[in-house]
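Visitor: As a plain string of letters, each chain reads:
2 protein chains.
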Amino acid sequence: MASSDAAAAQAATPLLKDELDIVIPTIRNLDFLEMWRPFFQPYHLIIVQDGDPKKTIRVPEGFDYELYNRDDINRILGPRASCISFKDSACRCFGYMVSKKKYIYTIDDDCFVAKDPSGKDINALEQHIKNLLSPSTPFFFNTLYDPYRDGADFVRGYPFSLREGAPTAVSHGLWLNIPDYDAPTQLVKPLERNSRYVDAVMTIPKGTLFPMCGMNLAFDRDLIGPAMYFGLMGDGQPIGRYDDMWAGWCTKVITDHLGLGVKTGLPYIWHSKASNPFVNLKKEYNGIFWQEELIPFFQSASLPKEADTVQKCYLELAKQVRAKLGKVDGYFNKLADSMVTWIEAWDQLNPPKGAVATANGTAKSK
Amino acid sequence: MASSDAAAAQAATPLLKDELDIVIPTIRNLDFLEMWRPFFQPYHLIIVQDGDPKKTIRVPEGFDYELYNRDDINRILGPRASCISFKDSACRCFGYMVSKKKYIYTIDDDCFVAKDPSGKDINALEQHIKNLLSPSTPFFFNTLYDPYRDGADFVRGYPFSLREGAPTAVSHGLWLNIPDYDAPTQLVKPLERNSRYVDAVMTIPKGTLFPMCGMNLAFDRDLIGPAMYFGLMGDGQPIGRYDDMWAGWCTKVITDHLGLGVKTGLPYIWHSKASNPFVNLKKEYNGIFWQEELIPFFQSASLPKEADTVQKCYLELAKQVRAKLGKVDGYFNKLADSMVTWIEAWDQLNPPKGAVATANGTAKSK
Chain A
0 MASSDAAAAQ AATPLLKDEL DIVIPTIRNL DFLEMWRPFF QPYHLIIVQD
50 GDPKKTIRVP EGFDYELYNR DDINRILGPR ASCISFKDSA CRCFGYMVSK
100 KKYIYTIDDD CFVAKDPSGK DINALEQHIK NLLSPSTPFF FNTLYDPYRD
150 GADFVRGYPF SLREGAPTAV SHGLWLNIPD YDAPTQLVKP LERNSRYVDA
200 VMTIPKGTLF PMCGMNLAFD RDLIGPAMYF GLMGDGQPIG RYDDMWAGWC
250 TKVITDHLGL GVKTGLPYIW HSKASNPFVN LKKEYNGIFW QEELIPFFQS
300 ASLPKEADTV QKCYLELAKQ VRAKLGKVDG YFNKLADSMV TWIEAWDQLN
350 PPKGAVATAN GTAKSK
Chain B
0 MASSDAAAAQ AATPLLKDEL DIVIPTIRNL DFLEMWRPFF QPYHLIIVQD
50 GDPKKTIRVP EGFDYELYNR DDINRILGPR ASCISFKDSA CRCFGYMVSK
100 KKYIYTIDDD CFVAKDPSGK DINALEQHIK NLLSPSTPFF FNTLYDPYRD
150 GADFVRGYPF SLREGAPTAV SHGLWLNIPD YDAPTQLVKP LERNSRYVDA
200 VMTIPKGTLF PMCGMNLAFD RDLIGPAMYF GLMGDGQPIG RYDDMWAGWC
250 TKVITDHLGL GVKTGLPYIW HSKASNPFVN LKKEYNGIFW QEELIPFFQS
300 ASLPKEADTV QKCYLELAKQ VRAKLGKVDG YFNKLADSMV TWIEAWDQLN
350 PPKGAVATAN GTAKSK
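Sequence order for the protein chains is A and B.
Per numbering that gives the first Met the number 0, residue 0 is the first one in the first sequence, and the count goes up by one each step.
Per numbering that gives the first Met the number 0, residue 0 is the first one in the second sequence, and the count goes up by one each step.
Fair warning: there could be bad hints in the mix.
Said to hold, decoys possible - Lysine-lysine pairs mimicking DSS-like chemistry, simulated, CA-CA at most 25 Å apart:
| hint | chain 1 | residue 1 | chain 2 | residue 2 |
| --- | --- | --- | --- | --- |
| 1 | A | K114 | B | K129 |
| 2 | B | K318 | A | K114 |
| 3 | A | K282 | A | K99 |
| 4 | A | K188 | B | K129 |
To be verified - These stretches of chain A come out as covered by chain B in the derived footprint (C-beta under 8 Å, 3 or more residues):
| hint | stretch |
| --- | --- |
| 5 | 130-143 |
| 6 | 150-162 |
| 7 | 286-294 |
If you're looking for bench data, these hints aren't it; they were derived computationally from the structure.
Built from N, CA and C at the ideal position, the CB exists for glycine as well.
Given the sequences, and given the hints that come with them, work out the whole structure.
Guide: In structure tokens, the structure reads:
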């Protein structure tokens, strides 16, 4: 087969077509899907609308999608809908829960297709899939970055017993143009743009926390899905813009405990516009204080051996949040409750094998 | 001052000119120094000859250098010269000890000037100095790599209390063309070349070990010098090619304990030729087995609070090597002895402030 035929064949049967859902919080502009059409159209989209359910989100022709608004969430989860943030893009995690696929890719609607240094459009989804399908190396650092990439390998001094790596649970992609800065940094550096294309994928080592951004993120639902709770943010909550961070810290503690890997680096998307730093400061204000307590908490969090599933790990973490962070602010008691509710809701929509879900999502044992 | 004048002035007074020594093991070809002349000539060179002392190493005109052969090492260190490897480039660490400067850059004689993607010669030394003069971030991962580089910063979710970073003790540079592979990988992939220029510098997180290569390495002697012992390799020893690895593992445990940082990534050098994989296999054979025990040893090594200097840390580590690795092979008892001798020799040549060294390097208190 000539190489152009091969490329065409590959384009016709995109990677993991039937095993991956794309989860998008409210789409505020039609350009977004038009720009991504060549890459996203073969996949199923789950759109989770964060605002007024009466407003209609228009999805261009040709996309296969399902759309959930607040009324749908309330109907499907009943009282457990309380764990899903209201009027905040953190509600996207409902999409993770309602999906039936093995892999999730989530992206914000202000993220467009970036170009690599040669000027070629970057197929972000394809790179995420490559990241997820190849192992991670959380137990030892490889100085030539991802040893499973073409043209790379493990360097001298890398123990052979560790070269099988660990299953990859998370692929964290980056952003060209507008970097993901907090409000104080946005205010101080309003003109800073990220123009550095770093051609690397790497594993975040075991025991190391990182700031996980939800703008351009893929993960293996089977391996880590129940840890990807984006918390309580937005309307009625004292904090915003920490949804993905919270999920990242919980996820990293759990992947470390379960021997799974988290990768960061490629692919880049083009982050088109900076959000308003004044609005962001208001949302982040409490988080900026609280994270000084949260980081030591997560750095020292330890899970018992018996916690051998993501759900068990997450419930244990909820217990520790209540015990140790409740004194930081009452919000964390509420959050701990919601973490438990989230797992209940997850299990409701994703009953263990041998049970079936009813049409409205309530689990019923066979 | 016009900017071209400023650039000229900067070129005339290279960074840290009086504070950095370049340490090179035996130079086998004159091209090496000729190629590096624009970058190295302003600095002082310390050449440590690993082979027959009767052979003469020719250094091209115009370089400021001192050269030590085995006879010099024996004369200066006396019986303590036993800790310096014989007929192996591991002897370079004698140069770290005999230097009186704050910074060391060490490079192999088969490493040439690399080009960046724009085709410009890379000033490796300048990048190492930038790495060493800016802080590291060992306590939390920054997804946009080195936050202190131009055009970069800490991303959202990075705790503000950690943004001062930690002093950088080590800058580990990489290699284009021939990657630093072990003998088995060389044998399996004889044609693999590293052509990926990754435009990043990053901190290796606290608690994470890495394979430190001595080909293109800079460090702060004041902060970490006494840990940069390249062990017992080569003639009369059952192992080779683990000199830099050993130094890297010890160094990382100690920098982690003392709150210092280790960076890796830029700068690249051009590694011109692969060493013979059959010869390498013979040298590495034992190391490949032993490293499976060494990594868990270093991963679990813990230093007491009282170990508040590099020397104290290193002597404590020597004790643990003897206690825990002696049973792996008798070699490690000999190595533990040499680690102690190395520190004695270091203190002999680098007497504490308030003491003076005599001409032949023996310390004498004031």
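Visitor: Does each hint fit the structure? Answer for all of them.
Guide: Each hint, compared with the structure:
{"no.": "1", "hint": "A/K114 / B/K129", "verdict": "violated (29 Å)"}
{"no.": "2", "hint": "B/K318 / A/K114", "verdict": "violated (54 Å)"}
{"no.": "3", "hint": "A/K282 / A/K99", "verdict": "violated (32 Å)"}
{"no.": "4", "hint": "A/K188 / B/K129", "verdict": "holds (22 Å)"}
{"no.": "5", "hint": "130-143", "verdict": "holds (count 5)"}
{"no.": "6", "hint": "150-162", "verdict": "holds (count 12)"}
{"no.": "7", "hint": "286-294", "verdict": "holds (count 4)"}
Of the numbered hints stated above, those contradicted by the structure are hints 1, 2 and 3, listed in ascending order.
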